[in-house]
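**Student:** Single-letter residue listing:
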Amino acid sequence: MKILIVDDEKNNRQVLAQIMAPFGEYDFAKDGREALEIFQLAIEDKTPYQLVLLDIMMPIMNGQEALFAMRAFEKEKGYSGSKETSIFIVSALDTEKQVVEAFFKGGCTDYITKPIIRSHLLAKLREYHLIPAETP
Amino acid sequence: MIHQERREQALVVVSQLLELALEPYSLEELMEKALQLILSNDWLTLLAKGSLFLIDSQEPHVLKMVTHIGLDNHLLKACARIPFGTCLCGIAAQKQEMVFKNALDDQHHISFKGIKNHGHYCYPLMSKGKMLGLLNLYVEHNHIQNAEIETYLTMIVHALAGIIEHKHAEIELLRHRNHLQHIVEERTHELRQAKESVEQALHKKNIFIATMSHEVRTPLNAIIGLSDLLLDTAQTSQERQNLEIVVQSGNTLLHIFNSILDISKFDAGGMEFEQIDFDLHKLIWESCAVLIAQIHKKNLEFICSLDPKLPIRVISDPTKLRQILLNLIGNAIKFTEKGTITLLVSLDESKELDIFPWCLYFQIHDTGIGIPFDKQQIIFEEFIQADSSTTRKYGGSGLGLAICKRFVEKMRGNIWVESQEGQGSRFHFTVDFQPSSHPLNQTYLSSAVQFFGLNILLADGNPNSRKILSRTLSLFGGQIVEANDGYDVLQLIENAIQYNKPYFDLIVLDCRLPKCNGVKLAEYLNHLSNQIIPILLLLPGNHRRNDLLLSEKLGIARTLIKPISPLCLIDTINEIFQNTPLPSHAKNFHWHLLPSYTTKPIKILIIDDHPHDREHALSILQTIKGYQLNTCSHGQETRHLLQSEPFDLLLIDLSLPEMNGLHTIKSIRSGQISTCPANIPIIGTSSHLTFNTFARQAGTNDFIFKPYRPEELQRILRLTLNLKMILCPSTIDLDTTIHSEQRSILSDTPPRIQIANQLIFVQQALEKGDWQLLTKEIETTKEMVGHLEDPNLSKTALRLLMAVRKENKPDILKWCHQLENDLKK
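These protein sequences, in sequence, are chains U and P.
Mapping the first sequence onto numbering that gives the first Met the number 0, position 126 (from 1) lands on 125, and the numbers just tick up by one.
Mapping the second sequence onto numbering that gives the first Met the number 0, position 761 (from 1) lands on 760, and the numbers just tick up by one.
Honestly, the hints are just simulated from the structure, not real lab data.
Backbone N, C-alpha and C fix where the C-beta goes; we use that ideal spot for every residue, glycine too.
Where hints are given, some of them may not hold.
Only pairs whose alpha carbons sit at most 20 Å apart, straight line, appear in this in silico PhoX-like list of lysine-lysine [what the hints assert, rightly or not]:
1. P:Lys767 - P:Lys805
2. P:Lys333 - P:Lys805
3. P:Lys794 - U:Lys1
4. P:Lys823 - P:Lys794
5. U:Lys45 - P:Lys296
6. P:Lys166 - P:Lys129
7. P:Lys94 - P:Lys63
8. U:Lys76 - P:Lys794
9. U:Lys9 - P:Lys808
10. U:Lys45 - U:Lys82
11. P:Lys94 - P:Lys127
12. P:Lys805 - U:Lys1
13. U:Lys9 - P:Lys333
14. U:Lys76 - U:Lys1
15. P:Lys333 - P:Lys297
16. U:Lys113 - U:Lys123
17. U:Lys9 - P:Lys775
18. P:Lys805 - U:Lys9
19. U:Lys45 - U:Lys74
20. P:Lys297 - U:Lys9
21. P:Lys296 - U:Lys9
22. P:Lys308 - P:Lys63
23. P:Lys76 - P:Lys48
If you want a taste of the chain U side facing chain P, the calculated C-beta under 7 Å gives, among others [to be verified]:
24. Glu24
25. Phe27
26. Gln39
27. Leu40
Hey, can you work out the whole structure from these sequences and the hints?
**Tutor:** What follows is the structure, encoded as structure tokens:
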């Protein structure tokens, strides 16, 4: 699985990378614009990401704007529908109902709050069959 | 009494009545006085008897007596309340017209045994058709009705009615006012209660936060403490890195909680301010020392200037002062990416200096992002950052400035900010203090030895830092000559030698001088003369150990590490001259190049269309050992030679008519000749007087007029070459001043060449293994590539960036090479 980890805090990127390392190859972006460029490059290379973990509060371009732009690009290149990337918002912002709704409307797959707890994150990813179920 | 007099008297009564109305009497008092006034007039042929009635809103059809004069006791009770229609008064009121009788009759309902026969005038008092009251007057039995008197009475009655109405309105107004006042009082009470309950809640909240913070700090201490211990036994670098993040994040959290605790403690009134006698300078330097590591990490310049007039010891609260300083300087570092942070401390001279307490004035300047005007006030409020959008770049709780403001104001000072977006910010604050009674309390000026007339060459590339050093040095009597860069220094010394000017007694040299490396320059200057000029070398705080060792080896008199305390600077200079008397100025001074500088042959190419001139130059330079010379004319030949072998210096003639010289220089400087470095030293020559400006514009390092004398050419060559040798590329990675200097040289070159050069910085950072620097260089590279708008290059640059984000060295090398190759296409 190809994973793109987007967060302006290096520490947060490190934490996510170490959690996700067993499940695939990961890349980093430190703001929304960088994330969008990398995301687009991958699609152009025909090796799109399967998972994007996207922070909201970031300089230059925030997560929400990046999310909209990513979905629009997927549509343009024929990667929408079943081929679309799972994009998870990962943020310390309040999970106000409206905020979450706006993100879902924007096309995010799901929403995870910070601080990240490994078991919660992995459970969420299993829910979407992005990582294999736990073997008992 | 004649007619005219009566009329006048009537008018007098009316005007007196109206005057009465202006007095602050109650309605009852007013009526009493009015009745007295009316009855005091003998011309009206009335008995000195009468009464006044009013009607109130509760009983609109009853006359109520408010005052009387001379009324018989028997009548008082019966006449106190007269319903309409009863007796003469009631009848007049009911009919709403005057009733006159000159004898008792059956209409005079109210009577008593033995009543004396008499008559009445009963005048209803009315205004705008509304009954207000009644005036009852007595006349003699058989009084003859008199139209004239009635006219006057009517006038008086109208005036009376007016007075009553006016008074009614006044009473009504008063009633409203009282009502309003009552409402206000009620509301105030409610508000006070609300305020008290809010204050109580706030107090509770503050106590809660204080308790909470303590509770949070306990587990946090365990987390930080134990992670710190684990660091000692960490097995892998990954483990180490993770633990470091835990410690660092724990510390951040602790800091935020400490700020919250401070604010709540302050607001709950639980914070105590002390009055302690302490060393102000020590406090300031210690505070700065805490932040120096951060300043160097961001490669910022830090200047700290303390006014020599400041007392050394003061009485104030050192802990709070330190916290304010750490906060403000910390902010300056946080919001500044490049440039200088300056701390200025002086006495507030706007205050009278002979009146205690004195006032300290602190200024913290930075060259950071600045604060938009509309945000400059609110940043001192708690929980507010100038940028609170979701794309904000800087973290933080927004509590720091709120705490500073509270502390400063509690210390009877002010805090304010001046700022312009993109231009940096200037924070100012003042705090009161008491002078110390410590016996050793002095100011710098009085404590240090002075050195009058010492000639000092001060070389520092940062104008602010130079200004402050210069001020301090001149305050102690030094004669200062300032130099901006390495070139200046060399020229000043050259001039001094050449024109036999008084030579310098001391050189204060900043290691990070533009256009050269300070250590190398010092080394060179040390070899320059047979008489050693003491050099005081200023090293940046993040100097390399090598620099320090090297400077010791070179016999540099003293080194000081920036930031420099004025006291320390003066002490050091005193130390330098402690054992040697102040030097008498060197007169016979010999310039010589040391052999070590000429071991490698210097390859010079002389480009000139005139064969004679070529010969002339050749003959001059041939006499000097260590030069390897070539000559050619302009055009294809030059290009060939430059491409076939590397040169150290070019001497180019710029003569007319074809302007070939300028053309050659331009193509070299723009990097069009691949094997020749774009920044190769070039000396221009011409016999045209105006050509020196052309030459500088085209990018020559120096210029010499034809015909020249041998020494002149030799001097210029030496200067340019020495400069080149001192400019030592291996130290570029540390010296940002040089870094930016080099970049500015490159700013005229085409973007592709600039990017190629930028890749050299990337490689240097890679070799050093400094990931932070490497990331920064690659980010810059990507930005530069972005301007080219070449999709292929952009992709490669993006891949390079992705590689550095993952800290994947092989990938970085791979994409670096790819980018280099792509650029050449």
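**Student:** Can you name, in rising order, the numbers of the hints this structure does not satisfy?
**Tutor:** 2, 5, 22, 24, 26
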